[in-house]
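Engineer: Now for the letters of each chain:
4 protein chains.
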Amino acid sequence: VDKAGLSVEDVQHLLSHGIPMSEGMGVIVDGLPEGGAVLRVPYSDSLVRPGGTISGPVMMALADAAMYAAILGRLGAVIMAVTANLNIHFLHRPGKSDLIANAKILKLGKRLAVCEVALYSVGQSEMVAQVSGSYSLPPEAGSGG
Amino acid sequence: VDKAGLSVEDVQHLLSHGIPMSEGMGVIVDGLPEGGAVLRVPYSDSLVRPGGTISGPVMMALADAAMYAAILGRLGAVIMAVTANLNIHFLHRPGKSDLIANAKILKLGKRLAVCEVALYSVGQSEMVAQVSGSYSLPPEAGSGG
Amino acid sequence: VDKAGLSVEDVQHLLSHGIPMSEGMGVIVDGLPEGGAVLRVPYSDSLVRPGGTISGPVMMALADAAMYAAILGRLGAVIMAVTANLNIHFLHRPGKSDLIANAKILKLGKRLAVCEVALYSVGQSEMVAQVSGSYSLPPEAGSGG
Amino acid sequence: VDKAGLSVEDVQHLLSHGIPMSEGMGVIVDGLPEGGAVLRVPYSDSLVRPGGTISGPVMMALADAAMYAAILGRLGAVIMAVTANLNIHFLHRPGKSDLIANAKILKLGKRLAVCEVALYSVGQSEMVAQVSGSYSLPPEAGSGG
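Each protein sequence line maps, in turn, to chains A, B, C and D.
According to this note's numbering, the first sequence holds residues 1 to 145 in order.
According to this note's numbering, the second sequence holds residues 1 to 145 in order.
According to this note's numbering, the third sequence holds residues 1 to 145 in order.
According to this note's numbering, the fourth sequence holds residues 1 to 145 in order.
Everything hinted at is true.
Since copy identity is lost for identical chains, a pair holds within one copy or between any two.
Mimicking EDC-like on lysine to aspartate or glutamate, the simulated pairs with C-alpha atoms at most 16 Å apart in a straight line are:
1. Lys-107 <-> Glu-34
2. Lys-107 <-> Glu-126
3. Lys-104 <-> Glu-126
4. Lys-104 <-> Glu-34
Since the hints were derived computationally from the structure, they do not count as laboratory data.
This one's a predicted model, so the numbers in the text were calculated from it and none came from an experiment.
Given only the sequences and the hints, what does the whole structure look like? Please build it.
Structural biologist: Dropping the structure here:
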């Protein structure tokens with residue numbers, strides 16, 4: 001990599017201050033494995049919908065933040081990277097526990113990064129939601145082709 | 001239709017009390033045209049991301065609520081209908097104004113409803129985001145095949 | 001527009017010679033309305049799957065060709081434009097008749113074009129499939145931002 | 001599993017006879033690992049688009065066939081299962097070699113199966129395309145909830 005990626009603390013700071021909903025949800029950056037990111041939303045009664053499960057918009061917001069974190073962790077503070085597309089399949093109801101997003105960069109081009117994100121509920125083995133999406137990268141940010 | 005749909009007031013009540021993020025965003029049901037729904041998020045500085053535009057998660061949450069509202073308006077209080085899939089393309093930056101979601105039901109089957117949603121920013125002619133998605137309907141809720 | 005778009009005949013030629021599956025399916029360019037394209041696949045028994053309806057892959061191939069045609073019609077012979085993403089919702093079974101794709105460009109940026117496509121079956125009023133997708137544009141091809 | 005799944009030979013037979021495009025592409029069922037399927041399209045000059053790479057529609061058709069094969073392998077001859085939704089991200093150009101689809105069932109509900117598919121080009125380490133999608137299951141076919 002010719003660009004310096006960011007640390008967990010840096011990414012945490014950018015998410016907490018840069019993405020309004022992210023702060024309200026209490027998103028925590030658990031780690032930045034090579035080419036990816038692991039984020040967590042602590043369980044809170046304020047995030048549930050009827051039936052007692054964490055709402056869909058919270059899952060989408062977390063998945064979006066996880067893709068953004070993975071890109072920041074890889075490319076550095078490209079804070080103007082913006083989501084171009086996001087697709088989510090809701091699979092199984094999350095339990096009353098923390099929600100984990102495991103994001104992985106599938107492609108890092110000059111202009112577009114594509115990621116996939118698996119969402120899990122702590123204590124359940126089944127994936128809660130499957131997400132894929134792309135981010136438009138500002139000029140000079142990307143690598144490859 | 002053999003099931004009675006809901007009024008604007010009924011749908012507004014279900015959204016405000018049933019979807020936590022929806023209440024925090026101040027979602028307003030502007031209308032329930034035949035087979036669709038029009039929802040609005042009033043502009044607020046608390047919803048913007050760096051660069052001054054309404055954040056992606058707010059758009060996804062609004063689009064999801066608009067699909068839900070369109071289904072409630074058509075089928076009645078099927079509050080256990082759940083999002084199966086949502087796909088969003090972010091197109092143009094929204095302005096510093098209210099965000100409007102125009103949802104339309106494309107298919108209403110026994111088990112699945114498919115909708116598309118166009119998001120607009122008040123005062124801009126270009127679509128801000130294009131969304132499509134499907135809702136799983138609880139048994140006995142759907143119609144057709 | 002500062003770039004000259006192509007005529008129906010030009011686009012027909014590029015599709016027939018450039019996209020192998022397109023030729024096998026007999027894709028016809030019916031028209032290139034402003035910012036869009038209308039394509040047709042003549043009904044043929046060789047395209048159906050069990051149950052007698054035109055197969056999903058044929059619909060996806062037609063939708064992809066329609067997005068490509070809309071972009072060629074608007075930007076000129078950017079034959080190296082490539083699909084970045086495609087999302088399809090299958091809605092209603094097509095009949096034993098020609099399949100029509102109505103593509104519309106939603107965004108034409110410097111690097112990415114986003115389109116939506118409605119697929120219809122001649123003689124049916126309901127939409128058969130709803131498609132959205134994005135094309136990566138080669139450098140110097142796009143316009144706007 | 002309370003339903004008997006199918007063998008590789010059975011699935012191969014259903015694909016070759018049931019899906020017209022699949023036969024034209026020469027799709028081979030390489031295997032049916034637990035909860036998934038591995039399919040292959042042998043490289044052929046007739047499948048390439050300008051620039052010399054296997055065309056997008058071939059990849060979409062293969063991914064769709066792989067999801068179908070995974071479901072048949074798990075549930076038995078539910079030949080009336082139909083694609084409800086398919087989303088594809090094109091990542092890297094495939095080489096001039098066989099194309100492999102690795103499909104995995106993420107959720108098997110009563111009414112809907114959700115799968116993801118990774119497409120690879122033989123001899124390349126990078127994923128060529130990432131696909132996710134859902135199949136509507138005929139009554140009595142699904143399991144779980």
